[in-house]
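Protein chains in written order, with the working numbering: chain A, 14 to 127; chain B, 10 to 127.
Don't read these hints as lab results, they were simulated from the structure. Computed from a predicted structure; not experimentally measured. One should not assume that every hint holds.
[To be verified] Within a straight-line C-alpha distance of at most 20 Å, the following computed EDC-like cross-link-like pairs (lysine to aspartate or glutamate) qualify: (1) K50(B) - E18(A); (2) K50(B) - D72(A); (3) K50(B) - D62(A); (4) K55(A) - E31(B).
Listed below, chain by chain, are the residues.
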Amino acid sequence: GENVEQHPSTLSVQEGDSAVIKCTYSDSASNYFPWYKQELGKRPQLIIDIRSNVGEKKDQRIAVTLNKTAKHFSLHITETQPEDSAVYFCAASPLTGTASKLTFGTGTRLQVTL
Amino acid sequence: GAVVSQHPSWVICKSGTSVKIECRSLDFQATTMFWYRQFPKQSLMLMATSNEGSKATYEQGVEKDKFLINHASLTLSTLTVTSAHPEDSSFYICSARISGRSSTDTQYFGPGTRLTVL
C-alpha cells in the first residue's frame, strides 16, 4: 500500500518568513495530492491540492510543487502570519475507482511567531 | 457547499457500552464516505471506507465486528463502536466525496467526534 512520509514534524518561523513542508510517497499509482490544515480539535480543511498532470499550483500565499519522478511534493507558504499556525497534513491518493482513499503523512506542526 | 456534519461532537461513555456516531453530507450526495481515527498529536488513520448500499471495506487491523458501519442512504453513514474500552478513546472523523465526480477526489471532512471511554 501507499506510504507517505512528511518532514519536518515541527516548524517554527517568524512572521513574514516562508515555510516549506515536504512529503514523499511510495506508490507510483498515486496522482492526487491534497494538503490539509488542522487547528486543534477541529476538522482538517483542504487548503490546496495538485494532480499529477501539473507540476506546480499556486493560490495566493500558498503553493504546492510536485515531482512525480522523485515521488515528492512540497507545500510552500509565503509571508506567514500567526493564523497560519496549525498542523498541516499532506496526503496521496490514486484517482481510480470510487473507493480511492487518502493516505496521510504524519503531520507538521507549524508555529508562526511574532 | 460540500458541508459534512457529525453527531455527537463529543461523547463520554462507560466501558462496555456501545456508541453510535453519525456522519451526514448536508448539501450533496455521497456514495462513498470514509471513517478515520486520530489519536492526540498523531495523523489521521483510515479505519474503513463506507459504501452506500453495500458492506464497508475495513483497513488492515480494524475489527469489523467492533466498529460497525452502516451507509443506508446517500447522505448518512454511521459508525458504532461496540463494547467500547478506554483504548477506543479517540477523535473519530468522517469524510465524504461528492457522488458522480470520479475525476475529483476531494474529501470533505466532518467536525469530528471526541469519544472518551471511562
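Legend entry - Structure versus earlier hints - violations, ascending order: 2 and 3
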